[in-house]
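If you're matching them up, the sequences are chains A and B in order.
Using my numbering, read the first sequence as starting at 1 and increasing by one per residue.
Using my numbering, read the second sequence as starting at 1 and increasing by one per residue.
Just so you know, these hints were derived from the structure itself, not from any lab.
Any given hint could be a false lead.
Identical copies look the same in the list; a pair holds intra-copy or inter-copy alike.
To be verified - List time: in silico DSS-like cross-link candidates among lysine-lysine, alpha-carbon distance up to 30 Å:
hint: 1; residue 1: LYS247; residue 2: LYS284
hint: 2; residue 1: LYS260; residue 2: LYS247
hint: 3; residue 1: LYS213; residue 2: LYS38
hint: 4; residue 1: LYS510; residue 2: LYS260
hint: 5; residue 1: LYS510; residue 2: LYS284
hint: 6; residue 1: LYS284; residue 2: LYS197
hint: 7; residue 1: LYS197; residue 2: LYS213
hint: 8; residue 1: LYS197; residue 2: LYS247
hint: 9; residue 1: LYS260; residue 2: LYS284
There are 2 protein chains.
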Amino acid sequence: MGTVRNILFIMCDQLRYDYLGCTGHPGIRTPHIDALAKRGVNFSHTFVQAPVCGSSRMSFYTGRYVFSHGATYNGVPLNIGEQTLGDHLRRAGITTGLIGKTHMAPDRDNMGRLGISPTSNEGVLASQCGFEPWERDDGLHPDELTDPNLAYNRFLREQGYEGDNPWHTAANSGRDADGTLQSGWFLRNAHLAAEVKAEHSETAYMTNRAMEKVSDLGDQPWCLHLSYIKPHWPYMAPAPYHAMYGKQDILPANRTDAEKAAPHPVVQAFMAHEESRNFSDEAKRRHVIPAYMGLISEIDDNIGRLMAFLDQQGRLDDTLIVFTSDHGDYLGDHWLGEKELFHEESVRIPLIVVDPSAAADATRGTTDPRLVEAIDLVPTFTDYANLPDQPHLLEGRSLRPLIQGEDVPIWRSAVFSEVDYAWRGARLSLGLQPDQTRAYMVRSDQWKYISFDGFMPQLFDLQADPHEQQDLGVDPAYGTIREAFEAELSRWIRARKTRITVSHEQIEQKTDNARDRGIYFGVW
Amino acid sequence: MGTVRNILFIMCDQLRYDYLGCTGHPGIRTPHIDALAKRGVNFSHTFVQAPVCGSSRMSFYTGRYVFSHGATYNGVPLNIGEQTLGDHLRRAGITTGLIGKTHMAPDRDNMGRLGISPTSNEGVLASQCGFEPWERDDGLHPDELTDPNLAYNRFLREQGYEGDNPWHTAANSGRDADGTLQSGWFLRNAHLAAEVKAEHSETAYMTNRAMEKVSDLGDQPWCLHLSYIKPHWPYMAPAPYHAMYGKQDILPANRTDAEKAAPHPVVQAFMAHEESRNFSDEAKRRHVIPAYMGLISEIDDNIGRLMAFLDQQGRLDDTLIVFTSDHGDYLGDHWLGEKELFHEESVRIPLIVVDPSAAADATRGTTDPRLVEAIDLVPTFTDYANLPDQPHLLEGRSLRPLIQGEDVPIWRSAVFSEVDYAWRGARLSLGLQPDQTRAYMVRSDQWKYISFDGFMPQLFDLQADPHEQQDLGVDPAYGTIREAFEAELSRWIRARKTRITVSHEQIEQKTDNARDRGIYFGVW
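Work out the full structure: start from the sequences and follow the hints.
Structure (structure tokens):
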């Protein structure tokens, strides 16, 4: 790996592209993340393979598109036959583990069929998306489902927070003016300070765990996936972050009356979801966004703590640092809440990569506008680890040549993202079956084309309409553009990589040489 | 399963559709297979998912299209995450095993990653395509590669055939006029009688093994996959089959000078293969085809023996019998040898199904011309076994309603087949990379459309030109037809089933009800 020996792969959850200082938010304070951007490359046009946690992450971790790996939504088990980042990096002797969230569901049916014990080393890795689960915590612990042994809850109790589920009652609840504890599950309570002290919050706790682990790993090369749950809901920040931002810091919603009046049928169905209706209420939106921003600044402070620690440990010199997110958050833009559709607010993410090696000096502090996909990270990491290319399996491209300022004469001309909304109310309101809910985005520098199974497409001209307020999906003037993008989409789907158990080298070795193995066919 | 308790799933290798009496060959003698057709349904328009052994079989056994399961050619490991027929039927208490060939390559890389011991029960099944390997024998044993412990070789030695590899020197070699042993690997020796007696041939041996196994299984419900290597090459039959047919029995080749003069580029590259050049020589073709026909009549006699045995055991009354093949054989038609392209000679197979239950009486002895795919067998078998539908996973349709004469108002309008010729000389002569070699067939009742990556398509009007001698792939008069089929192909590829770890029922159960699990998002 040259001077890069370790990989620190930091992921936030639901952090949209434009809510950092270094990505253009005028009001948010993220000095430590901004400092990362000054030391590395800020990839300004980075897109997730699916704008929803589980499927996006499975693409981050497998290096494959969503309908290639098949885990198309939260809770869909990742097929046992899919390899992940840890499987690759361990071949290079790199200890690869997790602190935080993956949203991975194990493929228990196939594990049972194959006799893989969930407690064997291999079974644990297969259940944990290939990461050693140094601390797995998906960050959502409703009282109904909480593991009584959750490590973070044990930690909170050790700090004096009582109850069966202090994740809820301390870290994600706050006291109102009457002193009554109110749940952070409800948007109306987003202005309250979490009962937990900032130093005991999930973000601080996971940061501490990461620092402990880095100390423990010593000189062993490692890849640490530090995967924060925040700024994902429940939207509730501890003091002082709960009050760090006010209404004056909130940007106007990106939405027009015209969008609401004549939406695409699928978008309309999403607009009818509860989260969309609530975030469409400007008062509610303004009530929640300060908490979202506070959670981001809290992460930023913890990134600062973490970087100071790495500096003190000497790890800044030999560690590739990646900072990114699994998808965005509409926050009321386009009359929508949450994510799952393809507007930039949902599908575009921050991506900052700091390569400490001298080879990357030329790009330090630059912004790279080339189109990047989440699936580029696995090939980037295996490239830094000097592992062979795997073009039969990995569907992304290594960013290392971009980071190290090499001449890259041809780069991709479009990025792709996929959605499967079978689990959402929109499916029911549209009267669809579970296999009629796929949608695809093809985005070039200028255009965003969205193709829904069974519905008209959407089209946006990002040059003329960067805020995606004017859907050209049925405008007769753009028929040629739409046809070109539909053809590109078909071409791309057709080239999906499914022949994943044999490498190109193995094919070359066995091409047209059956005779060498004693197999004569058609020989007179 | 009603009165159907067992499944006898007989497959031949390389038996093309039209080389049986009951499928229209005027000269071949196959009375026992014809008798099956009289007792069951003769599906006259059945197509393989790939016209090559390994990938076709992986579709037969998984119930999934070739680029869905990903084992796109001989020797490509079937991904460990793919379930097979045995995995399904065992859930219904049906012992499912193999005698003969599967051409399955185990996914050793993933087995190693997952800690699956190849000798554990689960590891054996995962290595044997989900079949209990009662006797695995892929039927091709060049001296260079032969397992010294091959059971059929042990059997031959017990019968007095000597040598290291009597599979070659006895079962697939014959003596010429000088008494010199000549190898069946070479087409020029196809007229010789195999050194082996018919009663010791591979076909007879496997039939014996099947009868022994059926006896052993007693009252245990079973699915036995009896998978003959013949009439696959080496083209060499034991006496009397080697001399059963002569030049007078050979049909004229289906080929025209025009086809040879202006072929499609990919077809042209295949025409240049050695097997195509040899089968294009009419003298050589006439030299080989009698052996091919003899091997078929030998199978037929063994089917007769097997049916008499089942009758005597009382098994004809409770056993669903399927007779089919994994693909065809060009035998010089269209100036081609072997298979791997999409003409009917290669891609169309016989399929006869005998359902002994009274429910099937109405269709007994009928020919059903509806379009059937190889992937229909897994859902057919699971349907007979009263297992639930698995539309998230299986890409075929149960034939049971057709077999039992139920009203099926809508059936498929096209069948699909796929090829990956990365391993063939054609790739090299065309200058292609290993990921530029996919081709697809869409065949309706009237049309056959073939789409090659990177090349013009082919189109045949099967009504006007049933012998596929006139390629309309670039004829301007058929542009609309080609566009319609290309669109149908894109639609089909887009609907490929890759979300295979979660059922539709599981999706329905979790649709739009996060609140029930205590997860509140976007709730005020």
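Here is what the structure says about each hint:
1. With identical chains, the CA atoms of LYS247 and LYS284 are at most 30 Å apart within one copy only, with a shortest distance of 11 Å there and 87 Å across copies.
2. Taking identical chains as interchangeable, the C-alpha atoms of LYS260 and LYS247 lie at most 30 Å apart only when both belong to the same chain, with a minimum of 24 Å there against 77 Å between chains.
3. Taking CA atoms no more than 30 Å apart as the test, LYS213 paired with LYS38 passes inside one copy only; the shortest distance there is 26 Å, against 72 Å between copies.
4. In this assembly of identical chains, LYS510 and LYS260 lie within 30 Å of each other by CA distance solely across copies; the values are 28 Å between and 58 Å within a copy.
5. Within a single copy, LYS510 and LYS284 get their C-alpha atoms only as close as 63 Å, which misses the 30 Å cut-off; across copies the closest is 28 Å, which meets it.
6. Taking the closest pair of Cα atoms, LYS284 and LYS197 come within 30 Å of each other only inside a single copy of the chain (25 Å); across copies the shortest separation is 87 Å, beyond that limit.
7. In this assembly of identical chains, the alpha carbons of LYS197 and LYS213 lie at most 30 Å apart only when taken from the same copy (23 Å versus 71 Å across copies).
8. In the homo-oligomer, the alpha carbons of LYS197 and LYS247 lie at most 30 Å apart inside one protomer (24 Å), although the nearest pairing across protomers, at 93 Å, exceeds that limit.
9. In this homomeric assembly, LYS260 and LYS284 come within 30 Å of each other (Cα to Cα) only inside a single copy, at 18 Å, whereas the closest approach across copies is 73 Å.
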